[in-house]
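There are 2 protein chains.
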Amino acid sequence: MSKFTIVNQEFLPAETASVLITDLAIQRGYGIFDFFKTIDGRPVFLEDHLDRFYNSAAAMHLTVDLSREELKTLLLKLIEKNGIADSGIRITLTGGYSPDGYGIAKPNMIITQTEMILSKQISLEGISLITHQYQRQLSYAKTLDYLMAVWLQPVIKEKGADDVLYHNNGIVSECPRANFFIIDQSGHVVTTRENLLKGIIRKHVLEIAGGLNLLQHRDITLDDLKNCKEAFITSSTKNILPVTKIDGRVVGDGYAGPVSKLLSEKLQLKAAQH
Amino acid sequence: MSKFTIVNQEFLPAETASVLITDLAIQRGYGIFDFFKTIDGRPVFLEDHLDRFYNSAAAMHLTVDLSREELKTLLLKLIEKNGIADSGIRITLTGGYSPDGYGIAKPNMIITQTEMILSKQISLEGISLITHQYQRQLSYAKTLDYLMAVWLQPVIKEKGADDVLYHNNGIVSECPRANFFIIDQSGHVVTTRENLLKGIIRKHVLEIAGGLNLLQHRDITLDDLKNCKEAFITSSTKNILPVTKIDGRVVGDGYAGPVSKLLSEKLQLKAAQH
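Chains as they are written, first to last, in the working numbering: chain A, 1 to 274; chain B, 1 to 274.
Okay, chain A solo, but in the shape it has when bound (with noise of 0.2 angstroms):
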């Protein structure tokens, strides 16, 4: 059976949803979006979302014509019509149909949703980052400007590794799709404040780290990469992610560290607590 999406709260057969050419996403790359999960049809730090995604279309100068409430009443009739337990459910806005191609109009807004298969395990070999020099424009926004990230892919191909991990002026930043911690020597959870997309995972993971005392206050440095014990990623498909080995070098012993296991138990008991 088919699946819906919604294009500007009509719902329209997943396969033919479309917009017209003269899109400002199409014209010139402008729009954002926010993604979350849905475990067993519930939706996962909800609000968070919902908070982060009218953030968004206010610092890109975009305006959302649904409440907040309407948004969550249309997501959670989405959610009911699809019939699909545990999925992505992507919410896009972009700068509508720009009579001169140039200008924002009235935002066009696109929900998708997608089945996907989630992990409740961490996974114990992790994944492998190549670093890259990069700041990404608007970083507190969660924009569609994906342009280094999907041009780096045969880069990151080519080196073996999983996925690319940004720093800039010395200081290591987040990857294209998830935020960045390590565990420094010292075994305190380190993640850069300023700069980078706070995602909501993030948000949860200082949480946790925050309540067993393992927090510390620092941006983490190149050099930092060296020395760590542990290294993670987070988004909400991956949760926690251990990173193994950045530039060809392992991280610790080569598997999930201690820290990172915990912190990953935690954060799937809040989850499912949410």
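A hint or two may mislead.
Identical chains share a label here; the pair holds if one copy fits it or two copies do between them.
[Stated by the list, open to error] Heads up, simulated DSS-like pairs for lysine-lysine below, C-alpha to C-alpha not over 25 angstroms straight-line: (1) 198 to 229; (2) 106 to 159; (3) 229 to 120; (4) 270 to 203; (5) 238 to 72; (6) 157 to 106; (7) 245 to 261; (8) 229 to 81.
Please keep in mind that the hints were generated in silico from the structure rather than gathered at the bench. Computed from a predicted structure; not experimentally measured.
We have chain A; now place chain B onto it with these hints.
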């Protein structure tokens, strides 16, 4: 009568031409384009624009499934079918319908033609710019990334200016959709050499200025903006457009200067002969 837009070689009524929402421009703002004008139904500097179109595509790992000759044939067919004498033609190439919404797929090519009223006379009053610190990503390619340009529009309006001029590390680069030139105190034509999109009109103005022995090969600094005798921007739609105010400071006597006028006349001749 409805005009046509081409989507992947199919001629569609311009008003209804659309792409699926899985296109990588909507998912990740990923794609490139080029834009040229027609005068009396004749494309201007077409070979230059095709050079740049294929170069931008290659730089962004996008494959064009039409040979240069096939693309030219398609463009001429559009010009013939639409019958718009003076127009702007835009060829957009996106990252295509990406199964995972992240990796590059078979690109979608969209070709639009819109009527354009072309001025043959140089503007005497010129325009007003504000400066902004910014460096375009992959600046040698004509990508869809106009995030900063679109985002800055309210700021430009608020300051009563017409457009924005980017600079980085003390070097002035370009406007979002135009190149920037000055005539310095010694009467030389100067434009920054790298980290910017090399416009087609820029290329021809450089050739003209070189032929007149007016060219100086160096970059424009922020200090140059305060001391220049004349300034102008170049683009396919604007040709040579004088800049008579920068950050509130009047350039020269506040009107189009003699070198700008001379270059503009010679450019008109060159475009007509082409």
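Report task. At 25 angstroms max between alpha carbons, let me know whether residue 238 reaches residue 72 within a copy, between copies, both or neither. Result -> Answer is within: at 24 angstroms inside a copy they meet the 25 angstroms cutoff, but 46 angstroms across does not.
Query raised in the report: Under a CA distance limit of 25 angstroms, which applies to residue 157 and residue 106: within one copy, between copies, both, or neither?
Result: between (39 angstroms within a copy, 19 angstroms between copies)
Report task. At 25 angstroms max between alpha carbons, let me know whether residue 229 reaches residue 81 within a copy, between copies, both or neither. Result -> neither (46 angstroms within a copy, 66 angstroms between copies)
Query raised in the report: From the Cα coordinates, with 25 angstroms as the cut-off, is the pair residue 245 and residue 261 best called within, between, both, or neither?
Result: within (17 angstroms within a copy, 60 angstroms between copies)
Query raised in the report: Are the CA atoms of residue 270 and residue 203 at most 25 angstroms apart within a copy, between copies, both, or neither?
Result: within (12 angstroms within a copy, 59 angstroms between copies)
Query raised in the report: How would you classify residue 229 and residue 120 at a CA-CA limit of 25 angstroms: within, between, both, or neither?
Result: within (23 angstroms within a copy, 67 angstroms between copies)
Requested in this report: At 25 angstroms max between alpha carbons, let me know whether residue 198 reaches residue 229 within a copy, between copies, both or neither.
Outcome: within (23 angstroms within a copy, 47 angstroms between copies)
Report task. Please work out whether the CA atoms of residue 106 and residue 159 approach to 25 angstroms or closer within one copy, between two copies, in both situations, or in neither? Result -> The answer is between: 24 angstroms across copies meets 25 angstroms, while 43 angstroms in one copy does not.
Taken one by one, the earlier hints fail for this structure only at number 8.
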